[in-house]
Amino acid sequence: MAKNYKIFVSHSWDHSGDLTRLRALLNQRGYFNVEFKEVSKFEPINSANAPYIKSRLKAKILDSDIVIGLAGVYASHSDWMEWELDAALYNGIPVIGVIPFGNTRSSTMVTSRSKADVRWNTESIVSAIRTYAR
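Oh and the sequence shown: position 37 is 37 in UniProt numbering, straight run, nothing missing.
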């Protein structure tokens with residue numbers, strides 16, 4: 001039986017199209033089962049209380065086999081993404097960076113925390129997940 005990978009995707013809500021495209025890319029890959037754990041702007045944590053939000057995010061990160069950091073340059077300006085990636089690393093959850101489709105540059109905030117960085121290619125992303133997931 002194929003493994004079911006639990007994945008938390010650290011992303012910027014201002015660039016949620018990258019999250020939507022990544023989810024579609026992985027869901028369409030045959031023989032690869034994935035469950036997404038992140039919080040999207042379409043299913044937000046309805047609170048303005050940062051400690052509460054962090055506790056909910058941390059629970060989702062801890063329940064994940066791997067964290068994907070969408071490594072567009074916008075990530076370098078996201079305190080939430082930085083917190084999510086640091087929370088993953090602090091708790092032993094591996095991080096891989098995925099450079100969004102068409103981007104030529106990537107965020108060093110993501111790439112400095114990742115075990116591997118891959119371009120927007122289904123097989124490269126799936127291979128990195130299979131290699132580094134717990």
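By construction, these hints were calculated from the structure, which means they are not laboratory data.
Backbone N, C-alpha and C define an ideal beta-carbon position, used for all residues, glycine too.
Any given hint could turn out to be false.
Here are the simulated distance ranges between beta carbons [to be verified]:
| no. | residue 1 | residue 2 | range |
| --- | --- | --- | --- |
| 1 | SER16 | LEU62 | 20 to 26 Å |
| 2 | ALA2 | ASP79 | 34 to 40 Å |
| 3 | GLU35 | THR111 | 33 to 39 Å |
Verification of the supplied hints:
For the hinted restraint 20 to 26 Å between SER16 and LEU62, the CB-CB distance of approximately 23 Å keeps it satisfied. Distance hint check: the CB atoms of ALA2 and ASP79 are about 36 Å apart, consistent with the given range 34 to 40 Å. With their beta carbons about 25 Å apart, GLU35 and THR111 fall outside the hinted range of 33 to 39 Å.
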